[in-house]
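Asker: Please build the complete structure, drawing on both the sequences and the hints.
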Amino acid sequence: MKTAILASLIATAAAFAPAKDAARTTALNMAFEDELGAQAPLGFFDPLGMVADGDQEKFDRLRYVEIKHGRICMLGVVGYLLNAAGVYLPGDIDYSGTKFSDLGYGWDASFAVPVAGALQVLAFVGLLELAVMKDIEGTGNEHVGDFRNGALDFGWDSFDEETKLTKRALEINQGRAAQMGLLGLMVHDKLGNVEDFFPN
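Counting with mature numbering (1 follows the signal peptide of the UniProt record, and there is no 0), you get residues -15 to -1, 1 to 185 for the letters of the sequence shown.
Incorrect hints may appear among the rest.
[Unchecked claim] Below, computed lysine-lysine pairings styled on BS3-like, alpha-carbon distance capped at 27 Å: (1) K84 - K175; (2) K53 - K149; (3) K43 - K119; (4) K119 - K53; (5) K175 - K43.
For the record, the hints were derived by calculation from the structure and aren't laboratory data.
Answerer: Here's what the structure looks like:
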């Protein structure tokens, strides 16, 4: 009788034990394990399962977005740190005599730009997005995010394939770091302690 009770208690306890995760080694999940950007320490990182179905087109679109946002954030971090160091464009931002240096940096500068200036920036970025910074089919683009489009070449074609892969991997990693870096700068700027991170 004691054995039967013990067995039923073990079975009851086993019902509430966490289930063992099945190993994810299907062909679909492994489809992108060797893609550029699947690097140490995380390897291929897709916690939301956005490309778990192995869709190459979806993966390429997400990679394009990752590279684009990484490039934008690299510029953002450099701009933020330059302005924080006191380096600004010379001259005035508007006809009323407001200097670029009067805007400050970070969130303060974002909201201090006159409306006409913000609209000009928005129009310029829209022009870049729609007409310039895009992959044009049939122009010799080698990979997602290659915006040379047969017109620009800063020596890229002179690199061997291994060097090209290394440079692309560096850009992806630096873009990821810049995205986190800009997020950190903006959060601490809003908290009011961003100056604690700058050397005196």
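Asker: Next, verify each hint and record whether it holds.
Answerer: Going down the list of hints, with the structure as the test:
1. K84 - K175: 23 Å, holds
2. K53 - K149: 18 Å, holds
3. K43 - K119: Within the cut-off at roughly 17 Å; holds.
4. K119 - K53: The hint holds at about 10 Å.
5. K175 - K43: Given that 27 Å is the threshold and the Cα spacing comes to 35 Å, the pair is violated.
Of the hints listed earlier, the one the structure fails to meet is number 5.
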